[in-house]
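The task is simple: from the sequences and hints, build the whole structure.
As numbered in the numbering used here, residues 5 to 103 make up the sequence shown, in order.
A portion of the hints provided could be inaccurate.
[Said to hold, decoys possible] Label-pair restraints from in silico Cβ distances:
#	residue 1	residue 2	range
1	S65	C33	25 to 35 Å
2	T24	I85	10 to 20 Å
3	K6	A34	36 to 46 Å
4	A60	Y31	16 to 26 Å
5	A60	K6	12 to 22 Å
6	V100	S72	33 to 43 Å
7	R77	G43	17 to 27 Å
8	I78	Y31	28 to 38 Å
9	C103	P69	22 to 32 Å
10	A81	S102	33 to 43 Å
[To be verified] Here are the computed lysine to any residue pairs in the SDA-like style, where the Cα-Cα straight-line distance is at most 25 Å:
#	residue 1	residue 2
11	K6	S75
12	K6	L87
13	K6	D73
14	K6	I85
These are calculated hints, taken from the structure and not from any lab test.
Using N, Cα and C, we set each Cβ at its ideal position, and we do this for glycine too.
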Amino acid sequence: MKWLGLILAGPTLWAITFVTVYALHGYVCADATGPQALGAGARAALVGAWITGLAAFWPLSRTMPNGSDLSARIAHAGLWIGLVATAFTLFPVAFVTSC
Numbered sequence: 005m006k007w008l009g010l011i012l013a014g015p016t017l018w019a020i021t022f023v024t025v026y027a028l029h030g031y032v033c034a035d036a037t038g039p040q041a042l043g044a045g046a047r048a049a050l051v052g053a054w055i056t057g058l059a060a061f062w063p064l065s066r067t068m069p070n071g072s073d074l075s076a077r078i079a080h081a082g083l084w085i086g087l088v089a090t091a092f093t094l095f096p097v098a099f100v101t102s103c
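What follows is the structure, given as structure tokens:
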């Protein structure tokens, strides 16, 4: 069962980062009064949450097993899936969105 946890670690970290960034976006936009409602501080908080989520993949990658067997390769694939999903799905929310 340990290998299942290793495989799901990347997507789980993506899900945690996704919920955090969108919750922060919702909190910041709760009192929004127009398209320019996101200020510099709010934008910095969104970008900071996104970058923190991306940075969390580094220590997670250090715990992955080394080797060329199937379980190690699948664990690394799960980590890459989570990292790429975090980078591409949350970039627009952190940088482009308005309320």
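Status of the hints after comparison with the structure:
{"no.": "1", "hint": "S65 - C33: 25 to 35 Å", "result": "33 Å, holds"}
{"no.": "2", "hint": "T24 - I85: 10 to 20 Å", "result": "19 Å, holds"}
{"no.": "3", "hint": "K6 - A34: 36 to 46 Å", "result": "41 Å, holds"}
{"no.": "4", "hint": "A60 - Y31: 16 to 26 Å", "result": "21 Å, holds"}
{"no.": "5", "hint": "A60 - K6: 12 to 22 Å", "result": "20 Å, holds"}
{"no.": "6", "hint": "V100 - S72: 33 to 43 Å", "result": "40 Å, holds"}
{"no.": "7", "hint": "R77 - G43: 17 to 27 Å", "result": "45 Å, violated"}
{"no.": "8", "hint": "I78 - Y31: 28 to 38 Å", "result": "36 Å, holds"}
{"no.": "9", "hint": "C103 - P69: 22 to 32 Å", "result": "44 Å, violated"}
{"no.": "10", "hint": "A81 - S102: 33 to 43 Å", "result": "35 Å, holds"}
{"no.": "11", "hint": "K6 - S75", "result": "10 Å, holds"}
{"no.": "12", "hint": "K6 - L87", "result": "20 Å, holds"}
{"no.": "13", "hint": "K6 - D73", "result": "15 Å, holds"}
{"no.": "14", "hint": "K6 - I85", "result": "18 Å, holds"}
Consistency with the previously given hints fails for numbers 7, 9, ordered from lowest to highest.
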